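Participant: So the sequence lines, in the order shown, correspond to chains S and Z.
For the first sequence, position 319 (counting from the first letter as 1) is numbered 628 according to this note's numbering, and the numbering increases by one without interruption.
For the second sequence, position 39 (counting from the first letter as 1) is numbered 701 according to this note's numbering, and the numbering increases by one without interruption.
Treat the hints as calculated values from the structure; they're not laboratory data.
Please read all numbers here as calculations on a predicted model, not as lab measurements.
Ideal placement from N, C-alpha and C gives every residue a C-beta, glycine not left out.
Errors might be hidden in some of the hints.
What the hints assert, rightly or not - Have a look at the derived ranges for each label pair, beta carbon to beta carbon:
hint, chain 1, residue 1, chain 2, residue 2, range
1, S, Gly766, Z, Gly757, 43 to 51 Å
2, Z, His687, S, Asp605, 24 to 32 Å
3, S, Asp605, Z, Ala734, 17 to 25 Å
4, Z, Lys673, S, Pro604, 23 to 31 Å
What the hints assert, rightly or not - Residues of chain Z clear of chain S, computed beta-carbon distances all greater than 10 Å:
hint, residue
5, Ala705
6, Met723
7, Ala734
Said to hold, decoys possible - Calculated cross-link-like contacts (lysine to aspartate or glutamate; reagent style DMTMM-like; alpha-carbon spacing at most 20 Å):
hint, chain 1, residue 1, chain 2, residue 2
8, S, Lys772, S, Glu787
9, S, Lys742, S, Asp813
10, Z, Lys758, S, Glu634
11, S, Lys547, Z, Glu732
12, S, Lys547, Z, Glu729
13, S, Lys412, S, Asp341
14, S, Lys545, Z, Glu700
15, Z, Lys730, Z, Glu700
16, S, Lys865, S, Asp824
17, Z, Lys758, S, Glu613
18, Z, Lys758, S, Asp605
19, S, Lys373, S, Asp317
20, S, Lys742, S, Glu498
21, Z, Lys748, S, Glu606
22, S, Lys374, S, Asp407
23, S, Lys412, S, Asp449
24, Z, Lys758, S, Glu606
25, S, Lys791, S, Asp813
26, Z, Lys736, Z, Asp714
27, S, Lys545, S, Asp726
28, S, Lys865, S, Glu794
29, Z, Lys748, S, Asp644
30, Z, Lys673, Z, Asp714
31, S, Lys412, S, Asp367
32, S, Lys382, S, Asp341
33, Z, Lys758, S, Asp579
34, Z, Lys748, S, Asp579
35, S, Lys791, S, Asp726
36, Z, Lys673, Z, Glu695
37, Z, Lys748, S, Glu634
38, S, Lys382, S, Asp407
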Amino acid sequence: MKILIVDDTPANVMQLQAVAHPLGHQTIIAADGESAVAAFQAEVPDLVFMNIMMPGMDGIAAVKKIRALPADKWTPIIFHSAVDQMQDIVSGLEAGGDDYLAKPASTQLLQAKINSYARQIALQNKVHGYAEELARWREDSEEQTRLGTHVMARLTDAAGLRDQMVRSFNLPAETFSGDLLCAARAPGEVLNVLLADAAGHGLAAALSALPLTQAFYSMTAKGFPLPSIAEELNRKLKAILPADRFVAATLASVDVRNQTVEVWNGGNPDTLFLNTQGEVAMRWASRHPPLGILPDELFSGMSETVVFHEPGDLVLSSDGLTEAEDLAGARLGIDGVIGILGKTQDSDSRFKLLLQGVETHLQGQPGRDDISCLMVAVPIDRRRQFRFSAPKTINQSQFAEWRLDLTYNAQELRYIDVVPAVLGLITQVQTLKEHQGALFLVLSELFNNALDHGLLGLDSVTKQWIGGFEFYLQQRAERLAKLHEGRIDLSFLLHQEESRAVLDISINDSGPGFDYSHRLQGQTALSEVNEQPFGRGIALVKSLCNQIVYSGAGNKVWCRYIVSDLVLDAPSDAEDGSSAEALPVTGKSNPGTQGEDGLILF
Amino acid sequence: MQINTVTTDGKAVLKLNGRFDFHSHRDFRTAYEHALDEAGVQAIVIDFQDVDYLDSSALGMLLLLREKAEAAGKSVALVSLQGMVKQVLEIANFGKLFSVTG
Chain S
310 MKILIVDDTP ANVMQLQAVA HPLGHQTIIA ADGESAVAAF QAEVPDLVFM NIMMPGMDGI
370 AAVKKIRALP ADKWTPIIFH SAVDQMQDIV SGLEAGGDDY LAKPASTQLL QAKINSYARQ
430 IALQNKVHGY AEELARWRED SEEQTRLGTH VMARLTDAAG LRDQMVRSFN LPAETFSGDL
490 LCAARAPGEV LNVLLADAAG HGLAAALSAL PLTQAFYSMT AKGFPLPSIA EELNRKLKAI
550 LPADRFVAAT LASVDVRNQT VEVWNGGNPD TLFLNTQGEV AMRWASRHPP LGILPDELFS
610 GMSETVVFHE PGDLVLSSDG LTEAEDLAGA RLGIDGVIGI LGKTQDSDSR FKLLLQGVET
670 HLQGQPGRDD ISCLMVAVPI DRRRQFRFSA PKTINQSQFA EWRLDLTYNA QELRYIDVVP
730 AVLGLITQVQ TLKEHQGALF LVLSELFNNA LDHGLLGLDS VTKQWIGGFE FYLQQRAERL
790 AKLHEGRIDL SFLLHQEESR AVLDISINDS GPGFDYSHRL QGQTALSEVN EQPFGRGIAL
850 VKSLCNQIVY SGAGNKVWCR YIVSDLVLDA PSDAEDGSSA EALPVTGKSN PGTQGEDGLI
910 LF
Chain Z
663 MQINTVTTDG KAVLKLNGRF DFHSHRDFRT AYEHALDEAG VQAIVIDFQD VDYLDSSALG
723 MLLLLREKAE AAGKSVALVS LQGMVKQVLE IANFGKLFSV TG
């Protein structure tokens with residue numbers, strides 16, 4: 310301990326030193342008030358003995374000055390004075406002193422006082438140390454939360470959630486939400502959404518759900534079907550999470566062009582489709598255990614697809630929403646949610662009402678669990694828009710040829726998602742990358758025709774029946790599982806044809822073919838086939854490709870997709886006008902359906 | 663939560679009582695580890711008759727039990743499901759992971 314002794318009488322100083330030194334304490338001496346204040350600041354003592362009557366600044370004034378200094382610890386000050394200065398002692402204690410000792414004090418009393426203060430100071434230092442440690446912890450924790458919030462916000466920032474069809478809220482029980490919402494467009498304009506709810510809440514839960522984002526976005530962008538995405542998400546989580554952690558999830562895919570909604574629900578409340586009258590037109594209950602529990606071989610990605618005939622809102626939620634409790638402990642429930650949503654017709658006010666409704670139901674308490682909801686406004690769009698990026702002109706005098714030939718046999722066709730796999734291969738070619746959306750549509754139409762009709766012998770006519778589409782999908786799954794023979798060959802040739810870069814696609818299947826001359830007659834304009842649930846596909850391919858040719862028994866199809874104009878010679882300023890004129894028109898066989906800015910309406 | 667274990671004929675019945683949530687972690691683990699350690703016990707039965715609340719950490723504990731029982735070659739069954747407990751287990755499709763009887 311460092312003891313500051315303030316006294317102008319050397320004998321008093323020596324007595325205190327004689328007591329303090331054998332006890333192992335260090336002493337500093339000051340003979341008046343001014344030097345006492347200076348020594349206090351310079352030496353930061355642990356204990357002060359202060360005389361009152363001194364030349365210059367007296368002890369009381371010195372204590373006032375010392376106590377006015379900024380301090381981050383408590384330093385006891387003991388007045389050490391003659392008994393006849395009792396009045397001064399009282400004002401000294403009022404000025405900020407802690408104790409007094411009357412002179413002359415015995416050696417034993419001085420020893421006892423110093424020991425007593427040493428104990429108090431040791432205790433204080435300990436408490437002070439704890440407080441400092443706690444403050445450091447708190448600072449660390451705040452810093453980590455700040456950093457975590459930032460990183461988490463970036464990692465989970467889904468530009469897709471700003472899609473005009475999507476509305477969502479996520480009310481965390483703590484700083485971090487264990488609920489994760491994602492939305493993204495697949496090639497061909499299909500909208501995929503994900504609502505995941507990791508067990509528990511807070512940072513640990515948020516971390517559990519995090520691995521889902523990247524897999525969801527990359528597989529959606531590549532056009533993988535929903536069951537394959539579900540399988541991959543499960544595989545990822547199963548590999549990462551401990552046995553007692555899991556993530557309830559709903560995956561949904563909304564295809565406005567084909568008027569279908571596909572849902573995989575594992576552990577979340579019912580997914581709802583509310584029509585404009587506020588009636589529940591479709592409902593998908595949880596059919597699977599949450600993600601991250603089952604090993605790959607036991608997991609099922611089987612989804613349920615339903616055709617919609619009226620517009621409405623698709624509603625996904627976490628159990629935090631249905632289990633939100635009011636002050637009396639009553640839960641909102643799925644019926645409560647439906648009741649709120651059914652009060653109005655348009656998506657925007659439905660969404661706002663639900664958010665208000667939840668807050669009203671909670672009656673000002675914070676939710677016990679993370680509460681999230683994702684709504685998709687599903688339209689009936691007769692025009693069925695497809696946006697594609699307009700082809701660019703490439704300044705290249707020589708265009709290198711690129712070729713890819715692939716064969717899939719029955720065995721691989723049973724489990725490989727061929728379209729996204731092949732699309733992934735061909736869009737690695739830089740020139741083709743920006744055509745991903747259109748190529749996905751062309752490829753999936755032609756490939757699915759070869760597989761569904763060529764090899765599986767399915768008849769599109771069944772899609773016309775009531776419940777026919779669902780029946781079609783079910784039959785497709787059954788027949789595909791049993792497929793034992795047959796093959797599909799795909800071949801791609803990117804090459805130069807006159808002044809254009811073109812991609813020739815041919816797909817041959819080993820099936821019996823079909824009467825193409827009869828079937829395709831009169832199907833030139835998309836508008837004519839728009840009202841039918843089949844035949845749209847080929848018309849769509851026609852609108853995207855320059856030529857389409859069936860041959861053989863109808864089991865061979867060839868089409869030419871125009872990639873871009875090539876400027877064969879380095880362009881000069883004088884030639885600017887002519888190159889603009891040569892901009893290719895995709896879908897020019899149907900000039901009537903060509904919209905503005907590369908928007909094809911069909 | 664209170665847990666009452668009755669063992670007869672190689673079957674350990676863990677009768678739970680009250681709220682089955684995060685705070686039951688230690689009690690539940692002690693109870694099932696005891697049953698797993700006993701060589702004579704072949705089947706572990708969790709009785710939910712008197713459970714009035716169940717949260718996601720309880721589901722996690724059941725999954726842990728399932729894993730440990732599998733490793734020990736013992737079976738786990740969930741019985742007497744009712745009310746909210748039944749609902750939660752249904753939504754999580756635990757019927758696909760455990761033998762479940764109403």
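Participant: All hints, please: hold or fail.
Facilitator: Structure-based check of all given hints:
{"no.": "1", "hint": "Gly766/S - Gly757/Z: 43 to 51 Å", "result": "violated (36 Å)"}
{"no.": "2", "hint": "His687/Z - Asp605/S: 24 to 32 Å", "result": "holds (29 Å)"}
{"no.": "3", "hint": "Asp605/S - Ala734/Z: 17 to 25 Å", "result": "holds (24 Å)"}
{"no.": "4", "hint": "Lys673/Z - Pro604/S: 23 to 31 Å", "result": "holds (28 Å)"}
{"no.": "5", "hint": "Ala705", "result": "holds (20 Å)"}
{"no.": "6", "hint": "Met723", "result": "violated (6 Å)"}
{"no.": "7", "hint": "Ala734", "result": "holds (14 Å)"}
{"no.": "8", "hint": "Lys772/S - Glu787/S", "result": "holds (16 Å)"}
{"no.": "9", "hint": "Lys742/S - Asp813/S", "result": "holds (16 Å)"}
{"no.": "10", "hint": "Lys758/Z - Glu634/S", "result": "violated (29 Å)"}
{"no.": "11", "hint": "Lys547/S - Glu732/Z", "result": "holds (17 Å)"}
{"no.": "12", "hint": "Lys547/S - Glu729/Z", "result": "holds (13 Å)"}
{"no.": "13", "hint": "Lys412/S - Asp341/S", "result": "holds (18 Å)"}
{"no.": "14", "hint": "Lys545/S - Glu700/Z", "result": "violated (35 Å)"}
{"no.": "15", "hint": "Lys730/Z - Glu700/Z", "result": "holds (13 Å)"}
{"no.": "16", "hint": "Lys865/S - Asp824/S", "result": "holds (12 Å)"}
{"no.": "17", "hint": "Lys758/Z - Glu613/S", "result": "holds (18 Å)"}
{"no.": "18", "hint": "Lys758/Z - Asp605/S", "result": "holds (14 Å)"}
{"no.": "19", "hint": "Lys373/S - Asp317/S", "result": "holds (19 Å)"}
{"no.": "20", "hint": "Lys742/S - Glu498/S", "result": "holds (16 Å)"}
{"no.": "21", "hint": "Lys748/Z - Glu606/S", "result": "violated (27 Å)"}
{"no.": "22", "hint": "Lys374/S - Asp407/S", "result": "holds (15 Å)"}
{"no.": "23", "hint": "Lys412/S - Asp449/S", "result": "violated (50 Å)"}
{"no.": "24", "hint": "Lys758/Z - Glu606/S", "result": "holds (14 Å)"}
{"no.": "25", "hint": "Lys791/S - Asp813/S", "result": "violated (32 Å)"}
{"no.": "26", "hint": "Lys736/Z - Asp714/Z", "result": "violated (27 Å)"}
{"no.": "27", "hint": "Lys545/S - Asp726/S", "result": "holds (18 Å)"}
{"no.": "28", "hint": "Lys865/S - Glu794/S", "result": "holds (18 Å)"}
{"no.": "29", "hint": "Lys748/Z - Asp644/S", "result": "holds (18 Å)"}
{"no.": "30", "hint": "Lys673/Z - Asp714/Z", "result": "violated (24 Å)"}
{"no.": "31", "hint": "Lys412/S - Asp367/S", "result": "holds (17 Å)"}
{"no.": "32", "hint": "Lys382/S - Asp341/S", "result": "violated (24 Å)"}
{"no.": "33", "hint": "Lys758/Z - Asp579/S", "result": "holds (18 Å)"}
{"no.": "34", "hint": "Lys748/Z - Asp579/S", "result": "holds (16 Å)"}
{"no.": "35", "hint": "Lys791/S - Asp726/S", "result": "holds (16 Å)"}
{"no.": "36", "hint": "Lys673/Z - Glu695/Z", "result": "holds (14 Å)"}
{"no.": "37", "hint": "Lys748/Z - Glu634/S", "result": "holds (19 Å)"}
{"no.": "38", "hint": "Lys382/S - Asp407/S", "result": "holds (14 Å)"}
The structure fails hints 1, 6, 10, 14, 21, 23, 25, 26, 30 and 32 (numbered hints given earlier, in ascending order).
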